[in-house]
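Listed below, chain by chain, are the residues.
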Amino acid sequence: MGTVTRDPGSFRDPAGYVLHYGDAVYRSLDSKAFDRLRTFLASPAYQRLSASGDLLPVTVADASEREELARLEQRDDRWYVRQRRLPFISYPYEWSPRMLHAAAQCTLRIEAALVEHGFTLKDASAYNIQFDLTARGPAPVLIDITSIEAVPPQPVWMAYNQFLRHFALPLMLYRQFGHDYRGDFLGDLEGVNPDAVYRVAGPLRRWFPPYLFSVTVPHLLRNLESNRAAELERPVAAPANHDAERDRYILTRLVRRLERLIKRLEPAARASQWTGYEADNSYPPAAAARKEKFVTDACSSLKPGRLINLGCNLGKFDLIAADHGSDVLALDLDLPSIDAVYERACERHARIIPLRIDIAAPSPAIGWKNRERRSFLDRACRFDCVMALAVVHHLLVTNRIPLDEIVDLIARLSNRYVILELVDRSDPMFRRLARGNQVLYSELTIETQERAFAERFRIIERCPLEGIPRTLYVLEKQ
Amino acid sequence: MMMVPKHEFAMVIAYVDAGSGMLMLQMLGAAVLGGWFYFRRSVTKFGRRMLGRNRPAMTEGETAETESTATRAR
Chain A
1 MGTVTRDPGS FRDPAGYVLH YGDAVYRSLD SKAFDRLRTF LASPAYQRLS
51 ASGDLLPVTV ADASEREELA RLEQRDDRWY VRQRRLPFIS YPYEWSPRML
101 HAAAQCTLRI EAALVEHGFT LKDASAYNIQ FDLTARGPAP VLIDITSIEA
151 VPPQPVWMAY NQFLRHFALP LMLYRQFGHD YRGDFLGDLE GVNPDAVYRV
201 AGPLRRWFPP YLFSVTVPHL LRNLESNRAA ELERPVAAPA NHDAERDRYI
251 LTRLVRRLER LIKRLEPAAR ASQWTGYEAD NSYPPAAAAR KEKFVTDACS
301 SLKPGRLINL GCNLGKFDLI AADHGSDVLA LDLDLPSIDA VYERACERHA
351 RIIPLRIDIA APSPAIGWKN RERRSFLDRA CRFDCVMALA VVHHLLVTNR
401 IPLDEIVDLI ARLSNRYVIL ELVDRSDPMF RRLARGNQVL YSELTIETQE
451 RAFAERFRII ERCPLEGIPR TLYVLEKQ
Chain B
1001 MMMVPKHEFA MVIAYVDAGS GMLMLQMLGA AVLGGWFYFR RSVTKFGRRM
1051 LGRNRPAMTE GETAETESTA TRAR
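Chain order of the listed sequences is A and B.
Under our numbering, think of the first position of the first sequence as 1, with each following residue one higher.
Under our numbering, think of the first position of the second sequence as 1001, with each following residue one higher.
I should point out that these hints are in silico values taken from the structure, not numbers from a laboratory.
Check each hint, because a few of them may be wrong.
Stated by the list, open to error - In silico SDA-like cross-links for lysine to any residue, where the CA-CA straight-line distance does not exceed 25 Å:
hint: 1; chain 1: B; residue 1: K1045; chain 2: A; residue 2: G467
hint: 2; chain 1: A; residue 1: K32; chain 2: B; residue 2: A1018
hint: 3; chain 1: B; residue 1: K1045; chain 2: A; residue 2: R270
hint: 4; chain 1: B; residue 1: K1045; chain 2: A; residue 2: K293
hint: 5; chain 1: A; residue 1: K293; chain 2: A; residue 2: G467
hint: 6; chain 1: A; residue 1: K263; chain 2: B; residue 2: G1029
hint: 7; chain 1: B; residue 1: K1045; chain 2: A; residue 2: E116
hint: 8; chain 1: A; residue 1: K263; chain 2: A; residue 2: L133
hint: 9; chain 1: B; residue 1: K1045; chain 2: A; residue 2: E245
Working from the sequences, and respecting the hints, build out all of it.
Here's what the structure looks like:
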C-alpha cells in the first residue's frame, strides 16, 4: 500500500512523531508514551473531549497494521495510533483573529477537562490546533493527542507561557492596536515575543490588565532571575507535601483565569476597504443577480467535492458552493473580511475554512530546514474546482503577475474545473487599479485573457454580464 | 489524581519553554492559591464542626465548584 513518510514538521516531541501512510495519518509512539496514552484513552476525559469534537479521536492500530508500519519503518519498538486526515492543514498566521480566539478557547476547554481528570496539556501550541469541517461549520480541534500527559507533581502549567505567546498576546495586540500578528508567527515559531509586547504596551499601559500579569510581572521576574541566576538556580523538584486535591484546585483556578482573559480578548468586528464591497460595488443589479445564478448553476452541475476560492471577500459565493455540498477553502488577503467569512460560516454551519492568504504571496515554508511548516502551495492540492471571480485583474495590475503565470497557478491548483470571472481593461475597477499605467495593459481585453486560459482549459460555458465589461466562465482542464 | 513518576517528569514535560518569569509568577500564584485552599478547607471544617456535622473536608459541592465554567463558544 505504498510507502510510509515521516512528517518533516513532527520531531520536537520526544514521545512520538507523525507518519503518513496511504490516506491515513498515524502517530508513532515509544512504549512509555503509548502506555501513558492508553491510560488517557481509558479515561472519561477522552470520551468527553472526543465526543464534544474538541479532540480528534484516535484508533489504536491493530496487530496487522502495527506489523506493516513497523516493517516499513524498520523498527519493532514502536506503537501506532491512527487519526482521520483533516480537510486542510492551516497555520495560525493564516487564521483570522476570531479563528485564533476560537482555537484559544478550544485549548482551554481541553485543559479544563483534562485537569478535572488528572491530566494536562504538556504544550499549548497553536500549531496543534486545526480547523475541521463539521456539521456545525468550521471548528477548532486538537490534533496532537500526544500533548496530553498525566499532571506533573507541581501545581504549574508548563504550557502557560506557550499559550500566552501563541494565543493571548496576539489577541491582546490585535484588540488593542489592530496589530497583524502574521509577521510575529512567521518570524518566530514560538509566537509573539512578550518582550516586544512589553515595549509596545508603553510605560503606562503595561502596569494595567491585561498586560500586568501576562507581560509586565513575568518580564520583571525574569530580569530578577537573570540578575541572580546563580543564587536561584535550583533543580525542579516535586514538593514534599504533595496534595493532589490542592493542585487540582490551583490548576483549575489558573485555567479559569485564562478563560476570563481570553473572553475579554474576543476580537471586535473591524471594517476595511473590502468589508463593504459586497453591498457597494460596480455591478448593476441585473449583472449581480446573473453572476449569482451563474455560480449557483455551476456549483449545482459540477458538484465539486473540494473547492478553493482565490478571493472570497465576504464569502457570498463560498456559501453558495458549501450549500451545494462542497468543502470550501476560502482565501482573501483582507483580515477583517476573513473574520467576517468565519463568522458567517459558523452561523450558517457551512463547510468553509476561511484563510488569510494573499495568493500573490502565499505563506512560505518556515521552521527547521524550511520543512517544519509547509508553504501554502505545498499544502494546496487536490481541489476539484478553483473559483477565481474578478481576481485575475488584481493579480495582473496590482501585483504585476504575468497572465501566463496566473493561468499556470490556477491550472496547478485545479484537478478539473475553474469558475472564472474575467474583467476587461475598460472596466471602471480595472481602470482605477491601473490608474497612470493604462498603457501597460492596453492589450488586456477579455478576449486576450480568454485566449490565455484556452491554452490550458476547455471552455464549457461563457456568460458575458450585461452593463459591465466582465465575463463569467466555467472551464475544464485539458 | 493521576501523577507522573518524578524520574519521568523532566523527560515528559520539560521540552516546552515554560518561560522563567512566567514560571516564577505561576509558583507565586500557586503559593497564594494553596494558602487560600487550606484556609478555606479549615474554615469549612470548623463550620461543619460548629454545625455538628462530621463530614470530609472536600464535599461534592466544593469539588463541583472547582470545575471549569468553560462553555463552548461556537
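request  = State the violated hints by number, sorted upward, taking the hints as numbered earlier in the document.
outcome  = 1, 3 and 4
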